[in-house]
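J.: Take a look at the letters that make up each chain.
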Amino acid sequence: MSTASPQIAPSDSITEDEQIGVFSAILVMIGRNKTLVAGFSLILLIGLFSLFGTLLIDPERTEVGAGKPAQSPSSEHLLGTDQQGRDVFADLAYGTPASLIIGLIAGVIGVGIGTALGFLAGYYRGYWDTFISLTTDVFLTIPALLVLVVIASMTTVLSIEAMGLLIGFFAWMGPARTIRSQVLSLRDRSYVDVAKFNGVRDIEIIWRELVPTLMPYIAASFVGTVAAAILASIGLSALGLGPQNEPSLGLTIYWSVTYGALIREMWWWFGPPIVVIVMLFIGLFLMTAGLDQVSNPRLRTSV
Amino acid sequence: MNEVTPLLECRDVSKTFVSGTFRKRYNLALDKTSLTIADSPPAITAIAGESGSGKTTLARVLLGLLPPTSGQVIYKGQDIAEMSRSEFRDFRREVQVIFQDPFESYNPFYKVDHVLETPIRKYGLAKNKTEAKELIIDALETVGLRPSETLGRYPHQLSGGQRQRIMVARAVMLRPKIIVADEPVSMVDASLRATILETLRTLNDEFGISILYITHDLTTAYQVAENIIVLYKGTVAEAGDVEKVINSPTHPYTRLLVDSIPQPDPDLQWGSDSSVSRLTGGLSGHGCVFYDRCPIRQDRCDETPPSLYQPDKYRVTSCYAYEDSGVFDSPRLTDAFIPASEIAPIQG
Amino acid sequence: MTTTKDVPLRVENLEVHYHTRKGPVKAVDGVSFELQKGERLGLVGESGSGKSTIALSLMVAHKEPAKIEGGKIFLNGTDMLTLNDNEVRRKRLSEIAMVPQGALNSLNPVMRVKDQMIDGLKAHGVSKSQDEFADFIAELLTRVGLDVAVAEMYPHELSGGMKQRVTIALSISMNPSVIIADEPTSALDVVVQRQIVQTLREAQDRIGAATILIGHDMGLMAQFATRIGIMYAGRLVEIGPTKEIFNNPKHPYTQMLISSLPNTRGKRRLSGIPGITPSLLNPPPGCVFHTRCPQATERCMIEIPKLVAEENGHSWACHLYTEAKSEEEVTA
Chain A
12 MSTASPQIAP SDSITEDEQI GVFSAILVMI GRNKTLVAGF SLILLIGLFS
62 LFGTLLIDPE RTEVGAGKPA QSPSSEHLLG TDQQGRDVFA DLAYGTPASL
112 IIGLIAGVIG VGIGTALGFL AGYYRGYWDT FISLTTDVFL TIPALLVLVV
162 IASMTTVLSI EAMGLLIGFF AWMGPARTIR SQVLSLRDRS YVDVAKFNGV
212 RDIEIIWREL VPTLMPYIAA SFVGTVAAAI LASIGLSALG LGPQNEPSLG
262 LTIYWSVTYG ALIREMWWWF GPPIVVIVML FIGLFLMTAG LDQVSNPRLR
312 TSV
Chain B
214 MNEVTPLLEC RDVSKTFVSG TFRKRYNLAL DKTSLTIADS PPAITAIAGE
264 SGSGKTTLAR VLLGLLPPTS GQVIYKGQDI AEMSRSEFRD FRREVQVIFQ
314 DPFESYNPFY KVDHVLETPI RKYGLAKNKT EAKELIIDAL ETVGLRPSET
364 LGRYPHQLSG GQRQRIMVAR AVMLRPKIIV ADEPVSMVDA SLRATILETL
414 RTLNDEFGIS ILYITHDLTT AYQVAENIIV LYKGTVAEAG DVEKVINSPT
464 HPYTRLLVDS IPQPDPDLQW GSDSSVSRLT GGLSGHGCVF YDRCPIRQDR
514 CDETPPSLYQ PDKYRVTSCY AYEDSGVFDS PRLTDAFIPA SEIAPIQG
Chain C
3 MTTTKDVPLR VENLEVHYHT RKGPVKAVDG VSFELQKGER LGLVGESGSG
53 KSTIALSLMV AHKEPAKIEG GKIFLNGTDM LTLNDNEVRR KRLSEIAMVP
103 QGALNSLNPV MRVKDQMIDG LKAHGVSKSQ DEFADFIAEL LTRVGLDVAV
153 AEMYPHELSG GMKQRVTIAL SISMNPSVII ADEPTSALDV VVQRQIVQTL
203 REAQDRIGAA TILIGHDMGL MAQFATRIGI MYAGRLVEIG PTKEIFNNPK
253 HPYTQMLISS LPNTRGKRRL SGIPGITPSL LNPPPGCVFH TRCPQATERC
303 MIEIPKLVAE ENGHSWACHL YTEAKSEEEV TA
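Protein chains in written order, with the numbering used here: chain A, 12 to 314; chain B, 214 to 561; chain C, 3 to 334.
Hint data in this document are derived by calculation from the structure and do not stem from the laboratory.
One or more of the hints may lead you astray.
Unchecked claim - For each label pair, taking beta carbons as the anchor points, the in silico distance ranges come out as:
#, chain 1, residue 1, chain 2, residue 2, range
1, B, I556, C, V150, 48 to 54 Å
2, B, I556, A, W218, 33 to 39 Å
3, B, V231, C, K124, 55 to 61 Å
4, B, Q511, A, W218, 44 to 50 Å
5, C, V150, B, Q511, 26 to 32 Å
Claimed, not checked - Which chain A residues face chain B? A few, computed with CB under 8 Å, are given here:
#, residue
6, G78
7, A81
8, R200
9, Y202
10, K207
11, V211
12, D213
13, W218
14, E220
15, T224
16, I274
The structure displayed is predicted, hence computed values, not measured ones.
Just so you know, even glycine gets a beta-carbon here, dropped at the ideal spot from N, CA and C.
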């Protein structure tokens, strides 16, 4: 009877996963999430349209009198011209990135401030939390859109960047709340304590241990904030309170309303911006829903 | 009285948890507990209790993770609440921890190397990357792990037992004076528990590290520790030589606990339940914490809580039934502990 | 010839796989056993042994991605796997009942205890008047050692141990032939654990229900079970009367498991089982334990050992014994 030496199985990993890290795993999970991919593709499409549009189309075509007014679509003006002679297609090509930029600026400011405050309040608790939570709650009761309307109507010249900043100022509360509640539950995890025993100081614990784990939430917050900011900016512009010197989607709508495009049956003027806005929002919505699924395992439909 | 130099001690530590905003509820998790962990000789002490006994609270207070409501935690003669930043840093390094949950102890974002590399960097344990690698490999091999099978992996790729052993390796690497192990094997498979517990014994024998073993499992406490403190509702019920406390318990609560151990021997069955059902109402709240479940309770037990009495040289118990043995008057619980020199060596 | 009355549960070659992206994970890989009327069987295994999967599968209550790939489960003579959902539902609670893990909150937090119990009973076709139900529930609660006042309480007013006793009361309410207790005392303290296990013992004894206690604590098994089955990596490697398993273990895994158990009778060097449980996605060929077995032979790496019945109702699946037997035959 021969006795072979017992062998420990060569690959001892329990799940036999490839050496895949959490970051790559997240990317893979994102890739597998059809909702997120669909939303992202839509946004990408719009982004590419903006990019190539601004590169290929002459900006002068967005100015008043670039062409004969009220022309229906033709080979020269793909989407016709508006009542003041602006080329609608050019207007769209330059107006879309404007809305996107406002959204991005507001998103970065809102999520940046909100996340930082959320971490401080959630991790340190005590006076930090009391103060920050109070401020957050107070700001939440302020009707942001109303204040924006008032401020916008008071200023004569409002640039794209200024609008982004303004909206961002009212966009930090949501992320602050979300991040704070996440941090409150994470700070009690054993690995935070282990880090303390490894000699890691508090700030570094926040930055190195908590931020990476919360990236999905931060990303979801970001997309949500961007969507809300774009909506706010389009709304303000459509009321005529936005930047008037540069083309934007909301501005196009404003002019089409002012000049009665609907009555004049100038469908090529009020139609396309609405289509772009709808696409933008469907894309952002799908992205938010997809990110929610990625960060909340219970919503996932597949393993 | 034993001559032991106290390394880490808590004096009259109480901890009350408050919950609720309008109608506050107070929970006295620890009630004026004092204990000492000696510097030399390094010993293994068990703190045993069920949920609500205060054992985890005591561990967290001793580790400096939770400030006591009253009382002090003293390390090397200094109150930890009054230490300077660098003094506290030394305390953090020299009193290490092993937590219960082998999954939660790791940040899933990082490979397991992260938890081993970070302290080397932070405490300056190595001059360069090669030295650091050597330290890590050495520590892993001490706990019986193969570096090639554990390093470079993510926590979810390893078993609970492996993860817990890496945590032990981490603690060893720092050459602490004390390791507080909070239920280190309760979430590990039975076949691996023995290995980890044997490793703890090695740490004590070969590296001279004192170990505080917190558990609800009296059997492993018996195997691993020399002395044991049995906690019930934040107070010490019984303490001393683990042979005495477990195999001839005096306190009615310890008796109940020991009787309830499911012995892995079909010939040693549980007897009929000897505990008394809880009293509803009529509890003064001033007396012995075990009054409502005690089969030998008397009226006086509900009026004032008993002191610690010393029925044996190496055992104390807080039950009036033993008051004739005399009060244990030392502030240090360890004075009733059996010294390592008097314990028979373990059979192979 | 045993009738179905004597054998309320018979499992034949049960195969349960979890379907993951990487392929099927064989959580239960060909398990067969019989449950005698009124007996207490302990099914012991560590993590990854398949014991929890079996618990759910026996009630046909497993969920995606777990799928029963093969085998039969005979409950009182009928193969549950051939029945449709409604028929299975009717058999649950009335013929086979479950006491789930203590940590799982199986009680509805917004209903009083008595309402939940009545709901459960009505759903299985029990119809009584309000008074009859009240009396019935009071009797059930007393049988598990609870005060009748518990019927009016909400789950959050009860301790962990009391909640478990309510689930035990529910499980015996329709006098099932089989009770499956899946780690009923996890997360419970040792004193409460003893009370729960003793309550379970009395309750099943009273109604004569065969009980399977699933868990990992050999100490509990020694106190509760009359027969013990040892599971490893989805297979049943040994099964026999409790005393036999503890005093005369045959399979190397069982032997090492028993010798690693600490007791309070004397300090000794503690030894565990080296190695780790194998991947169930890609189990090792041949005997699933051979990678950790100190006595493994070449045959163990190729051929899966069968569960062979020996004396005293004690069976085990290990080549070491069949080889020894054939050697005896040769030299005899």
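J.: Now tell me, hint by hint, if it's right for this structure.
T.: Okay, the hints, checked on the actual structure:
Between I556(B) and V150(C) the beta carbon distance is about 52 Å. The supplied range of 48 to 54 Å therefore holds. Between I556(B) and W218(A) the CB atoms are about 48 Å apart, so this pair departs from the stated range of 33 to 39 Å. V231(B) and K124(C) have their C-beta atoms about 44 Å apart, which leaves the hinted 55 to 61 Å range violated. Checked against the given bound of 44 to 50 Å, the beta carbons of Q511(B) and W218(A), roughly 59 Å apart, lie outside it.
Between V150(C) and Q511(B) the beta carbons are some 31 Å apart, a value that agrees with the proposed interval 26 to 32 Å. This hint is violated: G78(A) has a C-beta 56 Å from the nearest C-beta of chain B, more than the 8 Å allowed. Checking A81(A) against chain B by beta carbon gives a least distance of about 58 Å; that is not within 8 Å, so the hint is violated. Hint on R200(A) holds. Least Cβ distance to chain B is approximately 5 Å, under the 8 Å limit.
About 4 Å separates the beta-carbon of Y202(A) from the nearest beta-carbon of chain B, less than 8 Å, and the hint is met. The interface hint given for K207(A) holds, since its Cβ lies 7 Å from the closest Cβ of chain B, which is under the 8 Å cut-off. For the restraint placing V211(A) at the interface with chain B, the shortest Cβ-Cβ distance is roughly 6 Å, inside the 8 Å limit, so the hint holds. Proximity of D213(A) to chain B is violated relative to the hint, the smallest CB-CB distance being about 12 Å (cut-off 8 Å).
Interface restraint check: W218(A) against chain B, minimum CB-CB distance 12 Å, threshold 8 Å, status violated. Taking 8 Å as the C-beta contact cut-off toward chain B, the hint placing E220(A) at the interface holds, the least distance being around 5 Å. Because the smallest distance between the Cβ of T224(A) and any Cβ of chain B comes to about 5 Å, under 8 Å, the interface hint for this residue holds. Look at I274(A): its Cβ only gets to about 58 Å from chain B, farther than 8 Å, so that hint breaks.
Hint violations for this structure: numbers 2, 3, 4, 6, 7, 12, 13 and 16, all remaining hints satisfied.
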